[in-house]
Amino acid sequence: MSDFVLKDAEAHYGATRVLGPLSMRIAAGERVALIGKSGAGKSTLLSLMFDRWRAQNVALMPQALGLVDTLSVFHNVYMGRLDRHRWWRNLATLARPWRRDIDEIKALLDEVGIGEKCWTPCGELSGGQRQRVAAARVLYQQGDLLLADEPVSALDGPQAGHVMAKLTEGYPRSVLAMHDLELALAFCTRIVGLKDGAIVLDAPSETLSSAALQDLY
Amino acid sequence: MMLRATTRVTLGFILLALVCLALGDFEISAHDPWRSVGQLLLGLVQPDFSSVDSLGQALLRTVAFAFVGVGLGAGAGMLLALCFHRWWVRTFSAFIRAIHELFWALIFLQSFGLHPVTGVLAIAIPYAGIFAKVYAEILDETDPLPLDVLPRRAGRLSKLVYARISQAWPHLVSYTAYRLECGLRSSAVLGFVGMPTIGYHLMAAFAQGHYSTVGALLLLFYLLIGTLRWWVRPRLLPIYLLVAPFLLGTGLPIMWSNVTRFFSEDIVPAPLKRGEGLPALWEWFAQLFVNQALPGILNTLLLTQIALVATGVLALALFPVISRHFTNRASGAAGHVGLVIMRSTPEYMLAFILLQLWGPSMLPAVVALALHNGGIIAHLVGRRSNEIKLRQDAPHGIDRYAFEMLPRLYGPFLALAFYRWEIIMRETAILGILGIATLGFYVDSAIQEIRFDRAMVLILITALINIGVDVLARRLRGYLRLRHGINPQQC
Chain A
1 MSDFVLKDAE AHYGATRVLG PLSMRIAAGE RVALIGKSGA GKSTLLSLMF DRWRAQNVAL
61 MPQALGLVDT LSVFHNVYMG RLDRHRWWRN LATLARPWRR DIDEIKALLD EVGIGEKCWT
121 PCGELSGGQR QRVAAARVLY QQGDLLLADE PVSALDGPQA GHVMAKLTEG YPRSVLAMHD
181 LELALAFCTR IVGLKDGAIV LDAPSETLSS AALQDLY
Chain B
218 MMLRATTRVT LGFILLALVC LALGDFEISA HDPWRSVGQL LLGLVQPDFS SVDSLGQALL
278 RTVAFAFVGV GLGAGAGMLL ALCFHRWWVR TFSAFIRAIH ELFWALIFLQ SFGLHPVTGV
338 LAIAIPYAGI FAKVYAEILD ETDPLPLDVL PRRAGRLSKL VYARISQAWP HLVSYTAYRL
398 ECGLRSSAVL GFVGMPTIGY HLMAAFAQGH YSTVGALLLL FYLLIGTLRW WVRPRLLPIY
458 LLVAPFLLGT GLPIMWSNVT RFFSEDIVPA PLKRGEGLPA LWEWFAQLFV NQALPGILNT
518 LLLTQIALVA TGVLALALFP VISRHFTNRA SGAAGHVGLV IMRSTPEYML AFILLQLWGP
578 SMLPAVVALA LHNGGIIAHL VGRRSNEIKL RQDAPHGIDR YAFEMLPRLY GPFLALAFYR
638 WEIIMRETAI LGILGIATLG FYVDSAIQEI RFDRAMVLIL ITALINIGVD VLARRLRGYL
698 RLRHGINPQQ C
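Line order of the protein sequences matches chains A and B.
Residue numbers for the first sequence follow the working numbering, so the first one is 1 and each next one is one higher.
Residue numbers for the second sequence follow the working numbering, so the first one is 218 and each next one is one higher.
For the record, the hints were derived by calculation from the structure and aren't laboratory data.
Hints are not guaranteed to be accurate.
Chain A side only, calculated, beta carbon under 8 Å to chain B, not exhaustive [said to hold, decoys possible]:
| no. | residue |
| --- | --- |
| 1 | Pro62 |
| 2 | Ala64 |
| 3 | Val68 |
| 4 | Thr70 |
| 5 | Ser72 |
| 6 | Leu208 |
Now the stretches of chain B that chain A is said to cover, found in silico as 3 or more residues with beta-carbon under 8 Å [unchecked claim]:
| no. | segment |
| --- | --- |
| 7 | 375-386 |
| 8 | 415-421 |
A virtual CB, placed ideally from N, CA and C, is assigned to each residue, including glycine.
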């Protein structure tokens, strides 16, 4: 089983240190929420993790999503598994997808509530719809660890909770940067609070309340 | 008073052009030039479509050569673009695009003869060099994030196609479609060296004084280019590309002994072939350089500088005809048609026609270059002017032009003019084939004398000058901080 450990990790922007040194270990079954003010280092920590662990089986859902606007929703989701097929099959899929892939991806899209958009180019979707496509892509990709930066920031109400549940159930471990504290407490097992690039809080979520977390802000 | 950098550079260019003007030969030597112009206009008004068979075939061949040439060029250009980060690929691409289609055609005519391969390669090779550069720029501008989030172990080709080419696709398609229009012009012009396209029939009709057939050919050519967007559809493209190779005609069979002789003997410098050693080779080269290359270079530069300034003046005078700040709907539409005609006519074709009308001098060449390139720049500057929003009480007429428009548009205009500098130079060199003493003239004469070794050296020198002007123009754009987006219109 893969091992996800950071030891005295640092991130620099030019000559200035913007993160760390910090150490962290992500155990199997853990769902970690990164919280903190904007600029506290959440996104930096996520991309640092992705850099360190990218040789292992890690999926990334960045804040900017990384969708290809000119491709359909189906193909954007399919891109999550480009490594499972031969090149000629991937090229053929651009022209005419396999029935099996369509069925599987359609089912995933239905789960996140945009099944009817399967063949729409991503460039024509709203912000919330795009976020759901990116979620479907990482769900389709699968792996040992999910790194997601504000994965449900553009979704509201029950939709947000629904997608959070899917994402956290879809991976044995996950690290999610969150700004919605209620959602973080409801779906994550561990809360890591960041301030000025350092870890100032690291506790199981059942020991915390959203009022107690307000101090971080 | 301190002059601004753009003003200083502009004045420098104008001064240089005036000096060149004093040195050049601009006489109209034809007996009755205006009568010929009248005859040609009459031919345009009363075109003769009676020889429909040969006209149809000329059009078909023109389209077929353009499709096959541009198609091959685009494929090869994409492959080159993917390794464009290597310096030798960049150099190689710059080199093959610095040699004009007609020079490539002259080279291949000596080896493959009048075979379709000659025409196809003449278009495909320089276009591959241009496609390589522009495709690489387009791919560089794509968002790198989709590539980052892909599974790491995905294959290189899959990554490339899904994360980069797919993003760039609309830009790649629109640029390629634009080049196809250029390809049609190149293909038409290849007729002037013997390929069975429109240029060939145009030359024949002129030689026989059939102005009404000339008129018909020109009108059909404008129609072909003007309707491009209706008959070139993305869905139809694969069909066109599959069918086109079968419509190139057969030409004459390739003599393979000629091909090998050309590359192994004909282009080897004569002193080397005779085994006379390096001093003789140096002597040979020095003679060639002083007697042919140098005058050719001087005339090419002279003509280029004059044509560049004439192009600029014409563009600045004409852009208002398509600008909504100066025209209403009807006059704007008329302006568009005028500029389309100006920029659709290849310089070479225009120069050929004007030379027939006015006799040999530098004048037809300058007018042809200025009309074609001025039409293109006027179109682009006019389009840019339409993006400007004026306040409601803005002045009108000449005041509007001088105070509201020109100050805002002069930077983009200069950028475009510098982009076209290299292109004007390429064309100037090639117009020599028509008898104006630029580099093309000496290349053509060397080929007529069956001295291919000299022709090759002269072509190489032409290519080096083109690269030099390109570098200089880039420096000037950098110095004046001009930028006009990627994909400058290039033909």
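Problem - Structure versus earlier hints - violations, ascending order - result: 5, 6 and 8
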